[in-house]
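*Asks:* Listed below, chain by chain, are the residues.
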Amino acid sequence: MELTFNSEQIMLADSVGRYGLDKWPAINRHKLLAGEQDGFRERWREMAELGWTLLPIAEDDGGLGGSAVDVMALAEGLGRHLIAVPYVTSCVLVPALIGGVPGGEDLLGALGEGKAFAAAGVLEAEGGGDPAWVTTRAEKVGGAWQLTGIKEHVEDGGCADAFVVSARVEGEAGDAEGIGLFLVDRAALGDGVARFRAVDGHLHARLTLQGTPALALGEPGQALPRIVAALDRAICAHLAEATGSMEAATAATVEYLKTREQFGQRIGSFQALQHRAVDMTVACEEARAITWHATLSLDAAPGSRQRAVSAGKVRVGQSGVYVAQQAVQLHGGVGFCEELIVSHHLRRQMMLDMAMGGQGHHLSRVAQLSV
Amino acid sequence: MELTFNSEQIMLADSVGRYGLDKWPAINRHKLLAGEQDGFRERWREMAELGWTLLPIAEDDGGLGGSAVDVMALAEGLGRHLIAVPYVTSCVLVPALIGGVPGGEDLLGALGEGKAFAAAGVLEAEGGGDPAWVTTRAEKVGGAWQLTGIKEHVEDGGCADAFVVSARVEGEAGDAEGIGLFLVDRAALGDGVARFRAVDGHLHARLTLQGTPALALGEPGQALPRIVAALDRAICAHLAEATGSMEAATAATVEYLKTREQFGQRIGSFQALQHRAVDMTVACEEARAITWHATLSLDAAPGSRQRAVSAGKVRVGQSGVYVAQQAVQLHGGVGFCEELIVSHHLRRQMMLDMAMGGQGHHLSRVAQLSV
Amino acid sequence: MELSLDAKDTAFRDEVREFFSTGVPDSWRDRVRAGLRLSPDELTGYQQRLAARGWGAPTWPVEYGGTGWTPTQLCVFWSEAARADAPHQFHQGLELIGPIIFSYGSPEQKDYYLPRIIQAQDWWCQGYSEPGAGSDLASLRARADRDGDDYVLNGQKTWTSYAHVASQVFLLARTSHEARRQQGISLILAPMDTPGFRINPIATMDEKYHTNELFMDNARVPVANRVGDEGRGWEYGKVLLDRERMVAAANVIFLGQIVRGITDAARRRKIRGRALADDPGFAAKLAQFTVELTTLQAMVLRLLDDMTRGADSGPRGSMVKLRWSQLYQAGTALWVEALGPEAAQFAALDGATLPADMPAALQGALYARVTSIYGGSSEIQHNIIARRALGL
Amino acid sequence: MELSLDAKDTAFRDEVREFFSTGVPDSWRDRVRAGLRLSPDELTGYQQRLAARGWGAPTWPVEYGGTGWTPTQLCVFWSEAARADAPHQFHQGLELIGPIIFSYGSPEQKDYYLPRIIQAQDWWCQGYSEPGAGSDLASLRARADRDGDDYVLNGQKTWTSYAHVASQVFLLARTSHEARRQQGISLILAPMDTPGFRINPIATMDEKYHTNELFMDNARVPVANRVGDEGRGWEYGKVLLDRERMVAAANVIFLGQIVRGITDAARRRKIRGRALADDPGFAAKLAQFTVELTTLQAMVLRLLDDMTRGADSGPRGSMVKLRWSQLYQAGTALWVEALGPEAAQFAALDGATLPADMPAALQGALYARVTSIYGGSSEIQHNIIARRALGL
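Keeping their order, the protein sequence lines are chains A, B, C and D. Going letter by letter, the first sequence gives residues 1 to 371 in my numbering. Going letter by letter, the second sequence gives residues 372 to 742 in my numbering. Going letter by letter, the third sequence gives residues 743 to 1134 in my numbering. Going letter by letter, the fourth sequence gives residues 1135 to 1526 in my numbering.
The hints are simulated quantities; they were obtained by calculation from the structure and are not laboratory data. Careful, some of the hints might be misleading.
[Stated by the list, open to error] Simulated coverage check for chain B against chain D, where a stretch passes if three residues somewhere in it have a Cβ under 8 angstroms from a Cβ of chain D:
1. 522–531
2. 697–707
3. 715–726
[Unchecked claim] With a straight-line cut-off of 25 angstroms between C-alpha atoms, the simulated PhoX-like cross-links for lysine-lysine are:
4. A:Lys31 / C:Lys852
5. D:Lys1244 / D:Lys1372
6. D:Lys1342 / B:Lys402
Here the structure is a predicted model, which means the values were calculated and not measured. For every residue, glycine included, the Cβ atom is placed at its ideal position computed from N, Cα and C.
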């Protein structure tokens, strides 16, 4: 049982911390978000230069082969400084989907070098978080694959250059068998990409596939276990990001309690507010603990892994939103403003909570796996 | 919209208050509960002399024909002073089941005079609170009815002299049709009555009917609407009882906060405890408000009535248990003791919450009626 | 809200229902259900329509142009408005300064300002809060120095909502310095185009422009613009304490609309072939929400019953405000949950399209967070109840 | 609790599992799962069995008869005990006074008392709390006046759990009066049959006899029974601060048992022909509980990791205690819910019968209420964390 960062992970975390302070200072956040609609490509290149985009990619795929805990150390910093790049989708989810599979080499290379963004369309609206609910169809026409269907919400898809999409070669929505993974180029989609901005600065997309040409990644049909595992890995990175954000929001709040005065005294002297800050702190510790548990379970048997990851998704979703809400509340009016960082933490926590399956889905996965 | 007691109801409430202080003083409670295993018959006769047992019985049935709000005024006092007699079952539920029905006259007379206790076996274990789930069978053998089945939990049945029991003359468990009400004498059950003591001093029973002779109350088959309405009426009395208990527990707690000292100051000066007392007070107001709403809906159309009563059952169950738990918590160690009244409030609230359908059942009734 | 009405009130309800059967555009629906304020133009038009019908000031006495309605009639009116997805009227003129003017204003002030509020000729904003004086309003520092027949205003106000569209502001400023901090404060009315006023928008996390900082730099207003006596402005706010019950009551009645928003979304959203509304887990959450809302509405009926009897509600107005903000937050969160992950699609780019309730529900969820902060935060409400009701 | 173990720890686990495969009577099951303490006789027998195996003091160093186990081994041991529905060992001797004796006691005290704790020859109780000194222990008033080679004890203790079966008590009393309230307090050991001791049972709402008042009326104990220096008794409690992590950790690991209690009840209970366990609403509640429990167990793993590395856990022991009491309360409430209305049948009369878990679950739910009060109430834990971790 090792539940602490090793010295390399601490160095990595420090490095992200310095980068966050330098390139994502809270004070400039509003301008930073307002100015960028293409996924912060400049920031992305900087991060690639630091080696971070290569970190989660396996050594066999030309990456650094960082462990899940390495990714955790990095992602925590992303959350702490609310670095709004599509790191988890481009560098964790997509590489976990396509790593080691013939056909994904070029994209992996581009991702690792920070030259591209990629997003994954592996959840459909009606699935409610279940990746087996695939209605998008893949057909082979003249030796080439064509996809037809709608991916209502592709996380970080708004700035993606390429998409990894699940589609069904046989069976019905909900069947575990018959699912394949396909690579779709942004250009091939044409106006089939509708882009949306989220309240946390991330850019998402709705994909409409209408006989869109695609490249099969491996032999289609048995991709579900890989998709589930890749999502679990990406969720763990999100958990770490959420934890970092929670701790930053809590720290900012405690600091505010120590400085803000009302009724002639520092508001941190009011016991009700002290206790609230303690509840926030306990929630942070809960998030940190379950994030470790989930992350360390990534290499366990699928049942244990899924149960741990879903437990993490549920609890971090709850505690993350709670902490950020309380951070806003205890800051009072200024907490509600763009200018202060706490409201940005709240928006990010709300979005993380709904990404990759909401609490309802993950709670029912826990229930099923506990029987 | 009248949401306040009239002068007669205030007098009634005052009378119950005086009686409670006199006959159910908190200081003697432990002895009072320890000594009685027959339902406090002496106390019961006193209450009959005050006319309370006659209050909810219709004038046509020889009672005083008190309104639901009259019963509310009385039941609040029962809760405030934790008067552990089976009033709601004997004087509200049973009269509502059998009032005006041929065959129930003698029992109603005895109940009104305080000479008997009666209980109702109209919910079965597997119904989860649904009175249509009747598996007990009624058969006519030689012109007389005989019942066979088990009533796992008969509220206040441990001291009942007679039972009003639902049984099915046709159809399957869950069918709305085919249910009748029957009167079963205690003596006819023989050792088919197993008695249990609850933590709030009430005495319950499990009835095992094995061809037990019974008297049909009216023509059996269409009793379900009457049962549902009677339960709704009894639930409203329970809501009032719970509200009275909540307010008493809150008042005791606020008083304790004003007197108990720790760390050289009155604990009521600690803001966190002040705010908790406020949350208890808000919960009391919630309970009072929804109790009025539910009680005033008793004569409305069935759908509105059931929705209002179930909303009351859910919310009062939640807020009642919360308030009593906090009363214990804020009293610290002594709150956990027999000696102080607050722990008795908690036990009564827990039992009220589970009586006549728990939160799960009533929440789903709200959901069904809201569609 | 379910009400049991007598024949007269039933006839009134039918009259109101008839009024609301037209004139409520579909485009209002989702914003109103989500508790979002309509645009000033929309609200001004709505106010004018009500005024034309004689219903411009539902809570005011008849002598000042109000309807003189009973609490039950008010409740019916608001319930019918909510039922029709019509909005709550903008409250700053009607509920915050109007009642102070008709209680303490000069005859000239009453004659000038009150009709203009009812007819929506003025849009009022409030200048109470200051950067250092949030919950602790008595510590405010803006000054109004007497100079002949004028006051010269200096200082900074904050959270001045809708200052950017307002024609008038009512504000508190120190006209002298007294030992007790609540003394020496006066209530002053000023046109927003007063030279020396400058506003600066405050961007908020819901991405809606509501509020501002207001800077006052040697801004002159006539002494005649003072309401009531000099130095007693603090006291005049007390007339609002009683009226806060009405604002709280109306808020709760309008909150009923959100259930339709949630339900519509949950019926539309299919998960694994079944409507979310039919999922037992979601249905239970929604039922829990409606139980709490029904309870809160019953608390409001108790407030209205007090008003009818002229009885004091004690701290129960505070309790309603407290619970309202909690349920507004819970309701919008549930609505966002019903929408699913697509709720993250807050703003369409490049001309893409979104379902109507998509931005509304999430924007409502974000806006809801401030309702437990403004108008006496939930923590302050707890303090008030502890002191007033419990003597702690 | 799910643990990833290396080969050595796996072998240890198998050894422990083998031990627990026998000797755990079925009659313990429901009480243990409900967090209820077994009877003193049962616990004494259990302790003797562990002692015979060399496992009497799992958390003690080898030199005092302990096992010297690593935190991982402790975790394995407790997990296996919990898995087998075996109880947590009685803690007053093993965790509360034993470590103080081996840290600060005289060689004679160590030689005499420590083996008697391990072999269950003594049952210890605690005399710290007094009627006026609950959370504020420094205000205690019991006196130990020196008279020759004796202390003469006078005063009243309360919440003296198991005083009615204990052979020994460890207590705090004032040996002098100092300016700082924590000074002048000494820690004294006394046989329960000391003349002048009198106990009075305190009836509690769970209807289980645990606790007492202890009156001391000129009770004489030798000065040699004092642990450590005179007047420094307050400080010796500090050795326990670090060990509280272990008590908290063990409590959480044993809490895992309750899930089996809830699940068994929910599978057995049929509602409308379906097992309650298969009802989506109930399943979601149970899943939420297991999510929170898994989270708390992960917090415990972090404590154990600290211990392994000899690191300070800061206030995280307090957090675990806080969350443990909350989850214990939530878990027993869920169990009672699973049992349904028959849970009201607390005690059978006239020789009627009840399912085994009926009284246990409800009694656990009642008992659980005191766990957020004793050992530093949840409110005090909040104060401690605010001060220590947040500097507020």
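*Asks:* Could you run down the list of hints and mark each one as holding or not?
*Replies:* We went through each hint and held it up to the structure:
no., hint, in the structure
1, 522–531, "holds (count 4)"
2, 697–707, "holds (count 6)"
3, 715–726, "holds (count 7)"
4, A:Lys31 / C:Lys852, "violated (46 angstroms)"
5, D:Lys1244 / D:Lys1372, "holds (19 angstroms)"
6, D:Lys1342 / B:Lys402, "holds (17 angstroms)"
In the structure shown, a violation is registered for the earlier hint numbered 4 alone.
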